[in-house]
Amino acid sequence: MRGEGFFVFLARITESPDRADLLKSVNKMAKSKSGIQKYQAPPRGKPEPVRDGATVSGARALMESLKAQGTEVVFGVPGGVMIPAYDVLYDEGGLSHILVGHEQGGAHMADGFARVTGKVGVCFATSGPGATNLVTGIANAMMDSIPMVAVTGQVRTTAIGKDAFQEADITGITMPITKHNYLVTESSQIPRVIAEAFYIARTGRPGPVLVDVPMDVALNKMQYHTVPDVKMRSYNPQTAVNLDGVEEAARLIAEATRGVIYVGGGAINSGAWKEVRELARRTNFPVTTTLLAKGAFDETDPLSLGMLGMHGTAYANYAVRDCDLLINIGARFDDRVTGKIDAWAVGAKSIHIDIDPAEIGKVYIPDVALVGDCREALEALLSCVNERPRTEWNDQIDQWKQDFPLWYAADQDEVILPQMVCDELWKATKGEAIMATGVGQHQMWAAQFYKCRHPRTFVTSGGLGTMGFGLPSAIGAAVGAPDRTVWCIDGDGSFMMTNQELAPARQHKIPVKVAILNNQCLGMVRQWQTMFWDHRLSAIDLSHQPDFVKLAEAYGAVGLRAEKPSEVRGVIEKAMEVNDRPVIVDFRVARHENCLPMIPAGQTVEQMILDRPRKSIG
Amino acid sequence: MPKVASKIGSIGQQHTITVLVENRPGVLARVAGLFARRGYNVDSLAVSITDDPTISRMTVVASGDEQTLDQISKQLTKLIDVIRVADYTDAPMMERELALIKVDADTTKRGEVMQLVDIFRAKIIDISETTFTIEVTGDVEKINAIERMLEPYGIREMVRTGRIALIRGARTAIQT
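Protein sequence lines correspond, in order, to chains A and B.
So that you can map any letter, position 320 of the first sequence is 320 in the working numbering, and since no number is skipped, the others follow by simple counting.
Take any residue in the second sequence, count from 1 to its spot, add 1000: that is its number in the working numbering.
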């Protein structure tokens, strides 16, 4: 059971006063029947708790400050200038550390952890290459507004700017991809900087914050003081809703005959799902979610339109085309949602709710803007919205759903269709699992066929579209939600970018289950080249990939394979039985399957390519 | 009102934006980087500390249409180190710029150049056998005008501080 996993084990180790006993127990566990090597924590001392005003090293203050912010687990890789921090970790009782294979993986784990828990994810990296390896993970969190604190080591303050060994100007590098960042120059700043970093990361529109700590700042002694509350004159995230617009918004709702509720990641961040459901119930307006908002509204609800946009459902896109009122709750009119913006929702009035004032009018100018926390704004709005009956609009939506459902050829005997795997995973987990994804065709199929029922259960890279996000984010999600089943629908291309993270997953007995929809190519690029580039398939072939079953076994994970549709259900069941190590399932799927429906980039719903009839399968 | 926000780089009115920021290392890079990566046009940027040593004041002159300028203000406000953004364009304000102009002024031209300097209430702050260096303060039009008048004599080198501005009356940037 995951509940009996490494947290409990770590706690036991830190409590044990006797090192000899401890080592015995570690050895005993290492030789247990399962053959799985248990997590072998080093023998640890018992640190005195740091009292307010005590003189400690900067590194010790760093760890204490992280704990004061509620940090329980850190994903990272040590290195020269991070040794002071890791030395504190050696004695540390309250903070678990997961040694990851690559810093990008650590950042994605912190990201996945944050997405399922709503807490701030924390990752560590050393200076120079360690820090630059975080860049993709940080940019990913920035694009999707995920709260994260990244702590990096830096060369000594006296060596900064001298091109010292493993020096990189990481605050300069991450300036455009963090919500804010810090270069700490005095040890005494550490408690305040860490408190501010968490405050900035989790409030307002959340985002990643990087804290760069030079070696000497970590080594120097300072007086530790707790930071009771953070006040910054230059940062006051607006949470109070500007109420002027509420009545106007309610009037638009009352006057509308064809409303659509368009929900984005902001609704998840603010925990507004009850309010979204209530607004839908009361107005009978259908609800479509962006990729990031999957789960903010139960996709099995009759009012759900599923995802909208480029690979969204036809009925969601038709509904947006024909609506006369669009209620945007925490979404940002991304180009993958709107296509050609000048031709999107042309006849509609619009209400835009967002906590970030800069999102209002950035892409699309609403008739009414409510700037503030989505949940508070909806609460205010609901107080003046009346019940509305079902109308012809609902009938029209139902008709579209009937005429243009998501579809795949379920009657295939020979070749597994990727959609079928997503569908079967949905049936096997009843939509109750946490589902992570990589980026590509498989991600879109997962979004289409894995109907999310709960918020914070769909973990995917939206804005940045980061291939390789799947496995590490699933691991982070599993650490954050140890009692949940965590699956990852991955592509073979995506999986190969970060599969080294199987090592920490196995070390910590994290039973993530990866379903690789293996079409032996970079499927989405192949699809574009096929559809828009005259079948000139350039650099998409991945048929020289490793044997994923053997690869899984090499890592000490379980490797399974399905090659025929009849085998799909069986391997999913087998994978579900494993609860003490990662599982990789290699689904050999149709190579030339295209992900449809599709609105080609920059075009309109009128150019939507539907998923029937199809020319070739397999 | 058009539904769709304007394209980046669209031409429009020039705006004078005052930005009060925390006086910390890197803050100029944050502001400059924001303009660069979001594709906003900056015509001038002047930075200095203020009466409060923890606060720096930037005066940014940027051009674009109304929506672009609205985005610039909002995006600037989002920067954590930015305390206050105030667009002075529609407010009664005083704008000044200072220029140093090194102009050819051999013995045959000196009299005429000195007359021009007088007319513009500028100052000659350095002299050589062949040149004057002129200091002139004023609004943009005045600087442009003296530059135009001096051009025929031969401007060797010129530097402008970029525009700075304060609002008229007792109000301050914090209060606007």
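No lab work stands behind these hints: they were computed from the structure.
Keep in mind that a hint or two might mislead.
[Said to hold, decoys possible] Below, a list of computed lysine-lysine pairs in the DSSO-like style, where the Cα atoms sit at most 30 Å apart: (1) B:K1109 to B:K1142; (2) B:K1078 to A:K231; (3) B:K1142 to A:K119; (4) B:K1003 to B:K1078; (5) A:K349 to B:K1109; (6) A:K119 to A:K67; (7) B:K1078 to A:K362; (8) B:K1003 to A:K349.
Would you list, in rising numerical order, the hints stated earlier that this structure does not obey?
Hints 3, 5 are the ones this structure does not satisfy, whereas the remaining hints hold.
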